[in-house]
Amino acid sequence: TSINQILIKAQLQVGYRIRDELALFVLHAREMASSFVDHNGNKVDPLDMAIQMKVLPRIIGGSSAIRQVVLEMLAWSTGKKIATESEAQSLLDSWISDGRPSALKDAKLPRTAARLCLMWDRLINEGFTSSWM
980 TSINQILIKA QLQVGYRIRD ELALFVLHAR EMASSFVDHN GNKVDPLDMA
1030 IQMKVLPRII GGSSAIRQVV LEMLAWSTGK KIATESEAQS LLDSWISDGR
1080 PSALKDAKLP RTAARLCLMW DRLINEGFTS SWM
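If you count the sequence shown from 1, you need to add 979 to reach the working numbering.
No wet-lab data here; the hints were simulated from the structure. Glycine included, each C-beta is placed from N, C-alpha and C at the ideal position. There could be a bad hint or two in this list.
Unchecked claim - The calculated SDA-like cross-link candidates involving lysine to any residue, where the alpha carbons are at most 20 Å apart (straight line), are:
| no. | residue 1 | residue 2 |
| --- | --- | --- |
| 1 | K1087 | V1005 |
| 2 | K1087 | E1105 |
| 3 | K1084 | M1028 |
| 4 | K1087 | L1050 |
| 5 | K1059 | H1018 |
| 6 | K1087 | L986 |
| 7 | K1033 | R996 |
| 8 | K1084 | H1018 |
| 9 | K1022 | M1011 |
| 10 | K1059 | S1076 |
| 11 | K1033 | T980 |
| 12 | K1033 | R998 |
| 13 | K1022 | P1089 |
As the list claims (entries may be wrong) - Cβ-Cβ distance ranges computed for the label pairs, FRET-style:
| no. | residue 1 | residue 2 | range |
| --- | --- | --- | --- |
| 14 | E1064 | H1007 | 36 to 42 Å |
| 15 | K1033 | K988 | 26 to 32 Å |
| 16 | M1112 | E1066 | 33 to 39 Å |
| 17 | Y995 | E1064 | 32 to 38 Å |
| 18 | G1020 | D1072 | 26 to 32 Å |
| 19 | K988 | M1011 | 33 to 39 Å |
| 20 | V1005 | I1103 | 30 to 36 Å |
Modelling step: build the complete structure from the supplied sequences, incorporating the hints.
Set out below in structure tokens:
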């Protein structure tokens, strides 16, 4: 998968169990689509949630490999070309000026993208990141 092509750079790729869990979660979510809304009634993509639950927690640390993974995952989740840290910083500045929302507007996976903005911010400012902090 395209996610594994990113994660492999830090040896964090997912195996068949997580892949299958993601697929089953998304398939079962179709049966209960009305349950996948936020507190404002906006639809939430089940794949977006599944990636937050199963993929992002694997990304922990402060190495250059983790830095590259977060940068590329940020590009992948937003659907935008983010090749440099300055491009990521521009996106981060926009996210911060919007009040650090839990979903990034116009992103392919808005919640994952917002969480990755938070992770990138921590990585830049603290030298370490995790999806749990």
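**Request:** Sort out whether H1018 lies within 20 Å of K1059, counting only the CA atoms.
**Result:** violated, 27 Å
**Prompt:** Is the hinted pair K1087 and L986 satisfied, with a Cα-Cα distance of at most 20 Å?
**Reply:** holds, 18 Å
**Message:** Verify the CB-CB distance for M1112 and E1066 against the hinted window 33 to 39 Å.
**Reply:** violated, 24 Å
**Message:** Can you tell me whether the CB distance of G1020 to D1072 sits inside 26 to 32 Å?
**Reply:** holds, 29 Å
**Asked** Given the proposed pairing of K1033 with R998, does the C-alpha separation stay at or below 20 Å?
**Response** Holds: K1033 and R998 sit about 9 Å apart, inside 20 Å.
**Asked** Within 20 Å, alpha carbon to alpha carbon, are K1022 and P1089?
**Response** The given pair, whose Cα atoms are some 11 Å apart, holds under the 20 Å limit.
**Asked** Does the hinted range 30 to 36 Å hold for V1005 and I1103 at CB?
**Response** holds, 32 Å
**Cβ separation of Y995 and E1064, checked against the hinted range 32 to 38 Å** = Hint holds: Cβ distance 33 Å, inside 32 to 38 Å.
**Asked** Are the Cα positions of K1087 and E1105 separated by 20 Å at most?
**Response** Roughly 27 Å separates the two Cα atoms, so the pair is violated.
**Assessment of proposed distance window 26 to 32 Å (beta carbons of K1033, K988)** = violated, 18 Å
**Message:** Between the alpha carbons of K1033 and T980, is the straight-line distance 20 Å or under?
**Reply:** Holds, because 14 Å separates the two Cα atoms, which is no more than 20 Å.
**Asked** Within 20 Å, alpha carbon to alpha carbon, are K1084 and M1028?
**Response** holds, 15 Å
Hint compliance for this structure: hints 2, 5, 15 and 16 are broken, all remaining hints hold.
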